[in-house]
Amino acid sequence: MDPYDSQGSTSRRRTSNLKDYFVGATPLQKRLESIRRQSSFFPSPPRRKIPQGTELQEEIDPQKVGFLLHKQWTVYSLTPLYKFSYTNFKEYSRLLSAFIAAEKQKGLAVQVGEDFNIKVIFSNLVGVRGTQRDPEAFLVQILSKSQSSREHREGRVLWTGWFCCVFGESLLETVSEDFTCLPLFLANGAESNTSLIGGWFQKTFDCCFSPLAISAFHLSWMAAMWTACEMDHYMATTEFFWSVPCSPQSLDISYAIHPEDAKALWDSVHKTPGEVTQEEVDLFMDCLYSHFHRHFRIHLSATRLVRVSTSVASAHTDGKIKILCHKYLIGVLAYMTELAIFKTE
Amino acid sequence: MLSGAPLRLAWRHRDLLEYRDQRGTYEAFVHNLGLLLFWQSLNVYTVMATPRNTRRSQLRSRISQGSDSYQTNLLAWKVKAEPGNSKCVLKDSSAVEDSTHADDQAEDDLRIAVEYFQRGPRKASLNKEKILEKRLKTLENVAWKNGLAPETIDILLNVALSGKFGNAINTRILKCMIPETLISEDSVVKAVSWLCVGKCSGNIKVLFYRWLVAMFDFIDRKKQISLLYGFFFASLQDDALCPYVCHLLYLLTKKENVKPFRVRKLLDLQVKMGMQPHLQALLSLYKFFAPTLISVSLPVRRKIYFNNSKNLWASALIAVKQRNQGAFPEPPKLILGPSKGRSLKRKWSSHSVIPALNSANIECRGKKHLSDFLRSEISLPIEQLQSFPQLLQNIHCLELPSQMISVLNSSLLLHYINCVSDEAILLRLSYWLSQTLQEECIWYNINNYEQEKEFTNFLDIVIRVQCFLQEGFYSCEAFLYKSLPLWDGFSCRSQFLQLLTWIPFISFSEVKPLFFDHLAPLFFTSTIYFKCSVLQSLTELLQNWLLWLSMDDHVQPVTSSPLETTLGGSMDSVFQLIDYVGWLSVIAIRLESNSTLLLHFILDFYEKVVYKSQIYDSHFIGLYRNNLTAAKKNNLLKKEKSEFSLSSKICQEFNYYLTVMVHCLWMSTPFEKGVYIDPQILENTEVTEYRNSLNLVHHPSLLSYAACFLLQYGSHYANSLISQVKKCNKILKNSSMHHNGSISELEFLVNDAFSTLFADTCMKSSNTIKGLYLALKKNEIMEFGGKQKELEKCYTE
Chain L
1 MDPYDSQGST SRRRTSNLKD YFVGATPLQK RLESIRRQSS FFPSPPRRKI
51 PQGTELQEEI DPQKVGFLLH KQWTVYSLTP LYKFSYTNFK EYSRLLSAFI
101 AAEKQKGLAV QVGEDFNIKV IFSNLVGVRG TQRDPEAFLV QILSKSQSSR
151 EHREGRVLWT GWFCCVFGES LLETVSEDFT CLPLFLANGA ESNTSLIGGW
201 FQKTFDCCFS PLAISAFHLS WMAAMWTACE MDHYMATTEF FWSVPCSPQS
251 LDISYAIHPE DAKALWDSVH KTPGEVTQEE VDLFMDCLYS HFHRHFRIHL
301 SATRLVRVST SVASAHTDGK IKILCHKYLI GVLAYMTELA IFKTE
Chain V
1 MLSGAPLRLA WRHRDLLEYR DQRGTYEAFV HNLGLLLFWQ SLNVYTVMAT
51 PRNTRRSQLR SRISQGSDSY QTNLLAWKVK AEPGNSKCVL KDSSAVEDST
101 HADDQAEDDL RIAVEYFQRG PRKASLNKEK ILEKRLKTLE NVAWKNGLAP
151 ETIDILLNVA LSGKFGNAIN TRILKCMIPE TLISEDSVVK AVSWLCVGKC
201 SGNIKVLFYR WLVAMFDFID RKKQISLLYG FFFASLQDDA LCPYVCHLLY
251 LLTKKENVKP FRVRKLLDLQ VKMGMQPHLQ ALLSLYKFFA PTLISVSLPV
301 RRKIYFNNSK NLWASALIAV KQRNQGAFPE PPKLILGPSK GRSLKRKWSS
351 HSVIPALNSA NIECRGKKHL SDFLRSEISL PIEQLQSFPQ LLQNIHCLEL
401 PSQMISVLNS SLLLHYINCV SDEAILLRLS YWLSQTLQEE CIWYNINNYE
451 QEKEFTNFLD IVIRVQCFLQ EGFYSCEAFL YKSLPLWDGF SCRSQFLQLL
501 TWIPFISFSE VKPLFFDHLA PLFFTSTIYF KCSVLQSLTE LLQNWLLWLS
551 MDDHVQPVTS SPLETTLGGS MDSVFQLIDY VGWLSVIAIR LESNSTLLLH
601 FILDFYEKVV YKSQIYDSHF IGLYRNNLTA AKKNNLLKKE KSEFSLSSKI
651 CQEFNYYLTV MVHCLWMSTP FEKGVYIDPQ ILENTEVTEY RNSLNLVHHP
701 SLLSYAACFL LQYGSHYANS LISQVKKCNK ILKNSSMHHN GSISELEFLV
751 NDAFSTLFAD TCMKSSNTIK GLYLALKKNE IMEFGGKQKE LEKCYTE
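From first to last, the protein sequence lines stand for chains L and V.
Taking the numbering used here, I'd label the letters of the first sequence as residues 1 to 345.
Taking the numbering used here, I'd label the letters of the second sequence as residues 1 to 797.
Source of the hints: derived by calculation from the structure; they are not laboratory data.
The reader is advised that the hints may include incorrect statements.
[Claimed, not checked] Calculated cross-link-like contacts (lysine-lysine; reagent style DSBU-like; alpha-carbon spacing at most 35 angstroms):
id, chain 1, residue 1, chain 2, residue 2
1, L, K104, V, K453
2, V, K255, V, K223
3, V, K254, L, K106
[As the list claims (entries may be wrong)] Which residues of chain V face chain L? A few of them, derived with a C-beta cut under 10 angstroms, are:
id, residue
4, L267
5, P291
6, T436
Backbone N, C-alpha and C define an ideal beta-carbon position, used for all residues, glycine too.
One chain only, chain L, in its complex shape (with noise of 0.2 angstroms):
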């Protein structure tokens, strides 16, 4: 006899594992090979695409996209949301109202759907994302109502906060149909606000949010990349941030450079069309330090990269982003989305 039989239900639970484990069936499963498959990439791919518009772009409502644009927000990766539906968008407003309310007056209890001095609104983004299969992004809301001046119904932005997948086919194919896989998270307003908020969906939906710190490594590529884009016209200097670690306090270097001169870098560097690659951005970075060290002495390979500013965007190693140009929002989110699946994973 099989000495196995007796074991019952656990032993025949794993062997479900075991036969699913070679097939590699389960997301589960799909998502451990994925992750083995990019320890081996570590610490990420050689080479990119050059942002592009996609056509999905021209779905977004030009209104919305003034709440994106010359914002800073602070990014965080979120894992995939358990149990979301677009459909109850209602439903969260009022529960999501009532909860911040019931928070910020500590123990006194209030009634959900009751009138309170917030509004709390949930919406579409529609055309945020890069394909089809990107699950759609939604915006959250805060809005204060002013007693005082009731002719002002629409109120004052306390809060937003919006969320995003863009190109973000690795998780997809990992992800059950209960989750939603939204990784990239970007918030503007008070830190306590995104806590308190971010608690509710933690709660609400069993994810997990944590804040994307951008390395130095990750910065040189955007500067690359987005030195990159074609633009009409150039709306900021391109500036790069180092900071030297030093005492009592820490010296920041900064590095401005007229958009056009980075670009003629960039095109001198630049091999292969519509693609950027790592050597590419090591040679781009490179011209820059010695060019930098030709006039001052200063080896800023040797200090921390911590802010890119150019045209497009600029990006903070906090996990702090603004995003300049409309053309390229869907480029550039699709760049963090990467970074926030990194994390995720």
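Given chain L's structure and the hints, the job is docking chain V onto it.
Below, chain V without anything else, positioned relative to chain L:
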């Protein structure tokens, strides 16, 4: 009644002993012993009879309830009087009689007192006050000492709440309502009905509610009381009653009691009265049951929500509990706490503190399905889950936590996790773990002692859970792959290496570049202790892999698999791991110049390998037995081979080892077959008779085994080889006197002794062997060992 009998018995016994002391005669003692036995039998009868009678009387009281409670009551008293009949037997012991008398007297007094109160105050009576006071005293004494029977409480509650007497008297009566063991639900329902009549004052009502809260656990059933929920809820209007009614409602409220109109009512009260702790507590309970209706966040600092109603009866309650002896376990109650508590105080995004268990609220999560509705009716919130049997009963209808990862802190729910097959649950765990491990990992972040401690604790929890589940989390595996290249080999070392032991089974060629290629440089460049711990972890990893495979070894290989894994393939992976550890070990031995500690861990690993191969690799064993003779007859294997479906390579390899082993162990010709070593090198070792001396059998490390074996069995056969012993002793003496005595002589001696012992299958006296062993150890082992080392070098080169 029931507790009265043994008490009385104890009395008798004591009296009897005193009696014996007075008389001092044996005869009297025997006589009284007889009496004692008789008494005992009587009491046994009493004990047996009483419960039946009581039950009957209770039954009757239930049948005749409401019509004539007086009659019922008398019946109950009669039962009590019964055992008193037997007291006439003990006439010669006056002390005994007194005590019985006193006992019965007290019961009689109580009966009279209860009857007195039941009749109500008499108008025309001379010393009315005095009698009343006396009756009250009686009642108080009995109540506080032994508690009151359910019937008595039933009667007196009626008296106290019907307003027959004045407020002061009613208060005193109410305070005496201490049950002997329990209170009947009917009494409470009747008492509540008196509250509606309006005969009792506000203070009495307050006291009644306080009593109800204090005695809540001793009420035998709560079904009818639950039906009065609406009545109690309406009493919240009364400002004086409100705190106590809140407490009572807090004990009574069930999910079905939470209705929108009640929520509104409570919120109105909150507006009227402000933030009252008792109201907050009730509101938070409402929120627990219906988070879609109400939201509240309790202040962090507050600990006490209700004035303790139990203070009045504190000592009595303990006594009642003791009498009950856990027969009425307290129903599970929710522990009130701030809804989020500490985690909110912390920076919200750090998760090292695993979230508290909170039931998921189904209504919050997307569309409601019919099944959700059906389930929510009977589902058990996990906050109320407290015991394993409860888990078993409700396993089909558990309301799972809103944040699945909170199960890490709940040993009960881990049982549940262990047997669910719901992939979503595992995914939820996995997402959270991955993110948190990476977020909290200290070697990604700036070093911070506090944070390191937190992370270590967190890892410890995860490891404990993995050990409990006997399974590694995929998130931990991924974490290892991602973080190992950045690991300094120092921080959280023990945790990290423990995580390594739970890497789920995976083909070795896959895991090697992800993991082992990063581990190897750390291994070679770190201290010997690190090496030892890595080896230990790898030993455990091997064990876990084999365990994992053994669970599945009847699985048919899936040919279409992308990994091209078959069971044979899985075993290949295990062999590759063993080979890899072998490779690590060889280099480590050289690096650490044969450290004994390291050898110990390496041997430990191989011990496991051998042991496990015996258990798991039955083919191997079968081959071994069948081929033993074949091997001895020098490669007659061809015939045998056809019976086994193993590759010829494995067979050849196996037979090679077998031949070597046979030559070494049986034929004592280690260098003739198999292991070939240049004779010149062997000559250079300057060991005479190297064939014998350098044989594996004579390796010094085996000596302890031999000695151990002999010590264990030697004494039985001590006398059989006395002459041999004498001879040995003589040479031994010589050799220890002359330190330069030749090795070979001693070796010869040992060999000779050993072979004799084995040949005769009996052993030398243990002392001799001990002596031999010590002599060898002292004089020669060093030298012998040195030569062995040289030889090993030859092997490896």
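Okay, the hints, checked on the actual structure:
Distance check on the hinted pair: K104 of chain L and K453 of chain V sit about 32 angstroms apart at the alpha-carbon level, within 35 angstroms; holds. Between the alpha carbons of K255 of chain V and K223 of chain V the distance comes to roughly 15 angstroms, so the proposed pair stays at or under 35 angstroms and holds. Annotation: proposed proximity of K254 of chain V to K106 of chain L holds, straight-line Cα distance about 25 angstroms (limit 35 angstroms). For L267 of chain V, the interface hint holds, the least distance from its beta-carbon to any beta-carbon of chain L being 5 angstroms, beneath 10 angstroms.
At its closest, the beta carbon of P291 of chain V sits 8 angstroms from a beta carbon of chain L; the interface hint therefore holds under the 10 angstroms criterion. Interface restraint check: T436 of chain V against chain L, minimum CB-CB distance 6 angstroms, threshold 10 angstroms, status holds.
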